[in-house]
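With the hints as extra help, turn the sequences into a complete structure.
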Amino acid sequence: MTILNESGIPDVLPPLHAVNGLSERLSDVLVVVVGTQAEAHLVQTLPAAPSPNLPPSRRNQRVIFAVIDPDDPPQQGVLASRIVESAAGLRGTKLVLLVAGRTAEALGIDAAFEATLVARKLDLPTEAVNPDAPREVPGVLSTDLEDGVLAALVKLCPKRRTSDLVETASPTKRGGLLGGLLGRGTEAPDSGEGRPVVLLGGVITRGAARGIATELLRAGVEVAGAVPENGIEDLPPLGEGTVVAIMDPNLTSAATAAEQRGATVVKTLMPVGVDGTARFVQDVAEEAGKRNSEAVRARSAWEDLGVLRNRIRGKRIFFTGDTGLEIPLARFLADAGAVVLEVGAPRLDRHFLAVELQALGPDVDVVVSPDYRGQMSRIEESRPDVVISSPGLQLPLVARGHLCRSPQDFLEAGPYGYGGARRILELLVHTMERAETLDALNL
Amino acid sequence: MKLLRGVYEGPQSFGILRLAASIRDVHALLRALPGETHFRTLYGVRERTGASVPVTLSPLREGSTDSMEPGDLARDLSRVVRRHPKTEIVILVRSEASLLLGENISVTMPSEIEGTGRPPLLVTLPWEEPGMRETEAAELALEDLIRARMHDRPERSPYPTVNLFGPPIFGPGAEAEYAEAERLLDMIGVEVNARVPLGANPVDLARLPRAWANVLLYREIGESATLYLQDEFGMPRVTTPMIGAAGTGAVLRSVGELCQLDPKSVQRTIWAELARTAKLPWYARLEPPETFQNRRVAICGDFTYPLGLGYALAREVGLEIVACGTYLTHLARDFLFHADTFTEGAFVEEDPDEVAARLEAAKPDLIVGTHLEEDVADSLGVPYLPLCPPVTDRPFVERPLMGYAGSSVLADALDTVLRGRRKEPTGEVGMQWTDGALQEAATVPLFLRARARRLAEERARSQGSGEVTREIFLESRY
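Protein chains in written order, with the numbering used here: chain R, 1 to 443; chain U, 1 to 478.
Honestly, the hints are just simulated from the structure, not real lab data.
Accuracy of the hints is not assured; some may be wrong.
[Unchecked claim] Below, in silico cross-link-like pairs of lysine-lysine (DSS-like), each with a Cα-Cα straight-line distance of 25 Å or less:
| no. | chain 1 | residue 1 | chain 2 | residue 2 |
| --- | --- | --- | --- | --- |
| 1 | R | K94 | U | K2 |
| 2 | R | K155 | R | K121 |
| 3 | R | K121 | U | K2 |
| 4 | R | K267 | R | K155 |
| 5 | U | K279 | U | K264 |
| 6 | R | K94 | R | K159 |
[Unchecked claim] Coverage of chain U stretches by chain R, computed from C-beta distances (three or more under 8 Å per stretch; other residues unrestricted):
| no. | stretch |
| --- | --- |
| 7 | 48-59 |
| 8 | 126-135 |
| 9 | 234-245 |
[What the hints assert, rightly or not] On the chain R side, residues computed to face chain U include the following (Cβ under 7 Å):
| no. | residue |
| --- | --- |
| 10 | I9 |
| 11 | L13 |
| 12 | P14 |
| 13 | A38 |
| 14 | A40 |
| 15 | V67 |
| 16 | S86 |
| 17 | T93 |
| 18 | T103 |
| 19 | A106 |
| 20 | G108 |
| 21 | A112 |
| 22 | A354 |
| 23 | L395 |
Predicted model, so just to flag it, every value in this text is computed and none were measured.
Heads up, the beta-carbon is just placed ideally off N, CA and C, and yes, glycines get one too.
Below, the structure is given as structure tokens:
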């Protein structure tokens, strides 16, 4: 694996575009986007998952735009008062998120202070999230707002106390993420004594945490909960003694927030692909106090994927980079026999992704901060079989005869776990089969 | 500060980028935050042509820019010129964030850029300011681009020609609007000198004074530029919206007059088109009058479409226009002047929630508007026609709404939503609401309020109650 830095302008959606998706996913949250006409227009115009065939999102009553007049910015506290008035009409609100970036900052809005006022007046948790927050590693990922929101949710999780640790050890007290499925309070099989595990991530994929929790349960580890959960009130306790398992490679802020609470964040592969899932389950189980080998399960999963792997073997795949999911996807596809030509990484946190990068095959080039024009040229030269492209490049590439899929397609299909490995390969195989059928037409 | 649930327009940079991307061989250098790259995505999703958008980001970075990575404006400008050697104009655009952060911009086009020959023209827009809106900025930028190209005074063409000032990219059916106008002008013997801005190139901009007149298909964008051409070169303007059969006929007759054509010949062409292409008059005559009787229509959008459609629907079809509004506050006076000729419900409002309240109060049977009004129509349970930009429909085959062909598109659209929907007296007794229920209803967002009321009244009826109480209202919402 080689890492190159192109110092270019990557094609990445602004993190703010994720507001619509987040408000759909977190149904009891009121999102207030603070800024100017530009921010409101961006959120309204870009759908949650931009695609040539998807219309923009319809208006969501849980998203409000606080459009500030640059010539007359509000005095401190006015924004909070207006939000309180608006929130009064929305029943069932459990959390208010103030999404305020550089523009709001330039207009003198102290989002954290306003959030404190809103929280006090509404008696509801209120968090300020900055989609443009500076990071240790330069670059922008389209999923940065999701990371920021998850970090805020981590801070809202009930804190674990030492007495909780003792209580958690008692199997009769457990409900866990699968409590609803198995019957709340039901004892998990062979759960024994261990540290509680909380899953972090899977925002876009519905049921992602539940799927991974099932895999962990098979290994004897009961998952105490996930962030995000269905509702704010369902957030699991998270603090000292909690094992946090990260499901997405872009959640650096959320992971840091968990560590700051004293939780142990497991440094392992993301649960994407067969080996990724096996290593994830094994390492999380070990951290939670269970020794377990996933070797048999992984071998069996690879065998089950035999037919799909035969269709993928030797296919040349190019990732332009957008969400951050590209690295684990590339790792799995390379393991499955595909030839990964390039993985674009608009931002690459080598420390956070150290395990993923080590697992990436020796022939894969990672291009940090890739220039989209350079990528277009390299795609034209190398003629890959499939390009996993960012939304802005998809149509120009399709027009030039390339076969494209978006990373969002994989996220919506559900890339996690052993089942996710099959879904990833099926999605690619179906894409190629469909293209072959269309190419065979005599137009 | 306003708390809004939607906005009609984007910021000034969005309007200028739409304009720049409409004109060939113009490249926009966008000074913005590193994450502000979404115009490329919107261009791909909206235009669906596969073309690369002629916009390059010059990211505004904090700290020193001693590396070769993009961010140094002068270097980024040189790169644009080197990478796009056919570019004739580079327009420098600043995002709202860039303007608010107060960066002092000072850049000039280098006299020599290695290997590119003559450097392109650099157009900067010193009037850009935070808070400015998309349409107004696009209008001013078009005037600036034309002024920048107007070095000499080209001679008037020896035969009748006009310039078409129409919508920029992203306008629904924009290309088709120009094509229909050009087809009709060709039929009366007038050539189109230039289409502006969509499809024009910098040479066309320099040759605009060759034309005998300017026809404003989309006044929102062409107003300032055509006023400049009128003042500087004495070029007359035709400003009537070319919508509906009457509007189209009026434009063709005005052009005929300005181009000194034989009025009888122009009228013969109009009659031939009325017989062959224009189906709106046919529809109005063929459909029983009861279809349109007491039918109340509310329209909202930009400037040209609400006015053109309002006039056509009121006068040519016979529908009652109970509300007609624009979101473009900077055109308020002109809009109200024209809209007052066919409705008593003319209004100007930029908050979509306030528009929703206006539409709800007007109790329309049909809403014609932008995608923002779709929720309102849904909430009121009335048909909706997305005929004013912006809309979410992105058909592969564009259809005009202007000209005689456009009048037929309008007839088809009306036929679809009004067919079999003759208005019958309802005879339904209005439901009483308790004060508590009314207070609860007042907390529902405006664009959803009508639906909430309808659901509550349905629930009250199903429970055999003669009034909507607070409890019934709350139950009906969940």
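Hints and how they fare:
no. : hint            : in the structure
1   : R/K94 x U/K2    : 23 Å, holds
2   : R/K155 x R/K121 : 20 Å, holds
3   : R/K121 x U/K2   : 20 Å, holds
4   : R/K267 x R/K155 : 20 Å, holds
5   : U/K279 x U/K264 : 22 Å, holds
6   : R/K94 x R/K159  : 18 Å, holds
7   : 48-59           : holds (count 8)
8   : 126-135         : holds (count 5)
9   : 234-245         : violated (count 0)
10  : I9              : 5 Å, holds
11  : L13             : 6 Å, holds
12  : P14             : 4 Å, holds
13  : A38             : 4 Å, holds
14  : A40             : 5 Å, holds
15  : V67             : 5 Å, holds
16  : S86             : 5 Å, holds
17  : T93             : 12 Å, violated
18  : T103            : 5 Å, holds
19  : A106            : 4 Å, holds
20  : G108            : 10 Å, violated
21  : A112            : 18 Å, violated
22  : A354            : 24 Å, violated
23  : L395            : 4 Å, holds
Of the hints listed earlier, those the structure fails to meet are numbers 9, 17, 20, 21, 22, in rising order.
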